[in-house]
Every structure is written in structure tokens, then in C-alpha cells.
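Student: Below, each chain spelled out in residue letters.
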Amino acid sequence: MKHVHDDEPALAPALMATLRDEAPRGALRDRTVRALHRESVFDARQRRRARAERRRRYALGAIAAAALFGSGFGAGTWAVRRNTTGAAVAPTAATDGPASLPAAAKIQDAARSYVDALALATADDAEGARARAVAMTSFPVVIEQMVRVVPGDLPNSAAVAGAPTSTSTSRRSAAGSIIWY
Amino acid sequence: MPPLPLHLATALPLPIANSEPVVATDRALVRAILDGGSESAFVELYQRHTPQLFRIARRLLGSTADAEDAVQETWIRAMRRIDSFQWRSALSTWLGAIVVNVAREQLQRDARWSVVELRDDIATAPARAPDLDLERAIALLPPGFRAAFVLHDVEGFTHEDIARQLGWTTGTSKSQLFRARRALRRVLGHPCQDRDP
Chain A
1 MKHVHDDEPA
11 LAPALMATLR
21 DEAPRGALRD
31 RTVRALHRES
41 VFDARQRRRA
51 RAERRRRYAL
61 GAIAAAALFG
71 SGFGAGTWAV
81 RRNTTGAAVA
91 PTAATDGPAS
101 LPAAAKIQDA
111 ARSYVDALAL
121 ATADDAEGAR
131 ARAVAMTSFP
141 VVIEQMVRVV
151 PGDLPNSAAV
161 AGAPTSTSTS
171 RRSAAGSIIW
181 Y
Chain B
1 MPPLPLHLAT
11 ALPLPIANSE
21 PVVATDRALV
31 RAILDGGSES
41 AFVELYQRHT
51 PQLFRIARRL
61 LGSTADAEDA
71 VQETWIRAMR
81 RIDSFQWRSA
91 LSTWLGAIVV
101 NVAREQLQRD
111 ARWSVVELRD
121 DIATAPARAP
131 DLDLERAIAL
141 LPPGFRAAFV
151 LHDVEGFTHE
161 DIARQLGWTT
171 GTSKSQLFRA
181 RRALRRVLGH
191 PCQDRDP
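So the sequences go chain by chain: A and B.
For the first sequence, this note's numbering gives the first residue as 1, with consecutive numbering after it.
For the second sequence, this note's numbering gives the first residue as 1, with consecutive numbering after it.
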């Protein structure tokens, strides 16, 4: 009899001591054992069989769950890959197909050279002159490639019309015809 | 009755000269039942735990015959599910939970189970009766009070255990116990010394 962890006063121990403990009749044990025999509790072979069956069911369940997860994961991966490829191909298909991919790369390279050259073009020394020459050369390349990729684009056409030729020699005219984006 | 497996034969209580008898743990006995279908291991378990199960059932149900049925049903359910017992609590606690549930089901079947939550619960307890002992006073309590009192004060379960066993919160267990004690004091004619929780 325990009275612990309690903030309420318990009944007096003397009162609790008046509780009478009855015991179950001896027949209850035999009755219970007979009932358990009927349940095959003491049949070790059947118990093992039942346990093996249960384990087999768990294993099958685990395999089914793993297969379901694997197939779901595979399907998801496939769907993502398919969408990513589609997203990469879509802009190409919208212009002039896969052939435009190198043109886009050329635009990027030429534009990078153009911007790098612009950064150095203001200097008055020989390096500045070289940078201006590079800028003058690379700009038409950028425009040409842009026109190839998107022929009907009006700003591109205007840029082509206003683009300087690489043969211009005057420093002032070259600097004046630089187009800043 | 099949013989015990060799590894358990030494674990069961045996009179050994000049030493204390070695007592098999509940776990070893359960293992003997699971692995070897040992009836003697079950009988050992039965003798160890049935007195407490019977006391609980007897006090919750109020009748010896009902209590015996509940104890038998408890052992049958326990042995059916013993494979899945995880040993996170003592076997006695687990068996206690089963017998409480069996008793509760029986009381519910007879529409005798109720948890008194109201403030006027004391009115449900009879006034002082002469020559009433604690055992009979417990039998007069509403089942919710009785369960809380028997499990906590008589059998020593914690409020957490009781809450788990009966599907209550610990607060309900505490309030049921508090009211049970107050009702018992009233019934037995002791002055009410309790305060509200």
C-alpha cells in the first residue's frame, strides 16, 4: 500500500489496514490453464508457426512498402528529369531549333569581350586603343548573332543599322558609336 | 506439463543448500512460455500476479464471481498479446492495465461505469452508516471514484499509470481520487479534512 507523490491527504493508515484481502479460489487457476490450452498458448509448435507467419506478413509488408516507395521515387525522378529537359529545350524550339544554341553561346562570348573592352576603352594609351578596336570588332558580331537568333526583333535590326564598322579609325567617332546596354 | 528448458530450470525457485532460492524473473518466465510453451512457467507467473489482479477486479466489480471471470479473461488476453509486450513497463503494470480494462468493459456492459465529474458528487455518496468498514464503503463509491481510490491508494499505481489504464487525464485521476477520499470520509463518519485540488 503506497501513498506517494500526492498533495492530498490520504486516508489514515489504520483505516486502510482494515481492508480485507480475499484470494481467488484454487479452481480459477485450473480454469485459466484449461482456457489457455484451448487458446493453444502452451503449444510451442503452433506458437512458433504463428510467429513465423506474423514475421512473414511483416516482411511481405516491408517489401511491398519498399517497392511502392521505389516505384514512386523512380516515377518522380523520371517526371522531374522530363520536365527539366523540356524546359531547356523549349526556348530553343521557340526560336530556330537546336542550331541556335551555338549562336547564343557566340552572342554571350562576343558580348563579354565587348563589355571587357569597354572597360578599358577610355584610356588614352595604346592599350586603350587596342580595347576600342576590340569593342568595335566584337559589337557587330554580337548584333549579327542576335539577328540570326531572333530575325524579326526590331531593336536588333536598329542596332545593326547603327552599328559601327570595324574599319572606323577615328577614336572620337568610335567612342561616339559605342552602344551601352 | 512439459519440462522447462534447461536455461530456465536453474532460474526457477529451487531449494539450494545454504543459499537463497533463485527466483526467475518475469521476463525469463515469459520467454519460457513463448519458446517452449511452458505451462509451469505460466503457473509461476499466475501465482505471482493473480493476487493483485484479483484484488483490483474484486474491488472494481464488487463480486467474487465477476472478479474471477475478469482475472481469467485478463490472463487469456495477456497471453494472446504477450509476444508484443515491449517490457517498457513492469509486467504487473501491464497486467493491471488489462484487468482494469476488462473490469471497465464489464461495468460498461452492465451500464454501471461512470466517472463523476460534477461538484455535487459528494451528494451521491450515502451519509454516514454505522459499522461500515472501509471495504464496504469502497463498494458504495461510484465506479470512477472506486477505480481511482483502489488503483492509487490501495494498489499503489501512480496517477500517470491510472490515466493510461483508464483513458483519463492525470487531472481526472487526481480529482476522482480526491473526491473518492472525501466521499469515504463522509461515509465512514470521519471529519472532512480535504481541500479542493
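Quick caveat, the hints were computed from the structure, so don't treat them as lab data.
Bear in mind that the values here come from a model prediction, so they are computed numbers and not experimental data.
A virtual CB, placed ideally from N, CA and C, is assigned to each residue, including glycine.
It is possible that some hints are incorrect.
Unchecked claim - Short, incomplete list of chain B residues facing chain A, as computed with Cβ under 8 Å: (1) Leu34; (2) Arg48; (3) Thr50; (4) Arg58; (5) Asp83; (6) Arg181; (7) Gly189.
Student: Would the hint on B:Thr50 be counted as holding, given a Cβ-Cβ threshold of 8 Å to chain A?
Tutor: 6 Å, holds
Student: Should the hint that B:Gly189 touches chain A count as held when the rule is a Cβ pair under 8 Å?
Tutor: 11 Å, violated
Student: Given a cut of 8 Å on the nearest C-beta pair, is the interface hint for B:Arg181 held or broken against chain A?
Tutor: This hint holds: B:Arg181 lies near chain A, its Cβ roughly 6 Å from the closest one there, short of 8 Å.
Student: Would the hint on B:Arg48 stand, with a C-beta cut-off of 8 Å toward chain A?
Tutor: Status violated, d = 12 Å.
Student: Would you settle whether the hint for B:Asp83 is holds or violated, based on the nearest Cβ-Cβ distance to chain A being less than 8 Å?
Tutor: With a closest approach of 7 Å, the B:Asp83 hint holds.
Student: Would the hint on B:Arg58 be counted as holding, given a Cβ-Cβ threshold of 8 Å to chain A?
Tutor: 6 Å, holds
Student: Please verify that hint: B:Leu34, Cβ, nearest Cβ of chain A, below 8 Å or not.
Tutor: This hint holds: B:Leu34 lies near chain A, its Cβ roughly 7 Å from the closest one there, short of 8 Å.
The structure fails to meet hints 2 and 7 from the earlier list, while all remaining hints are met.
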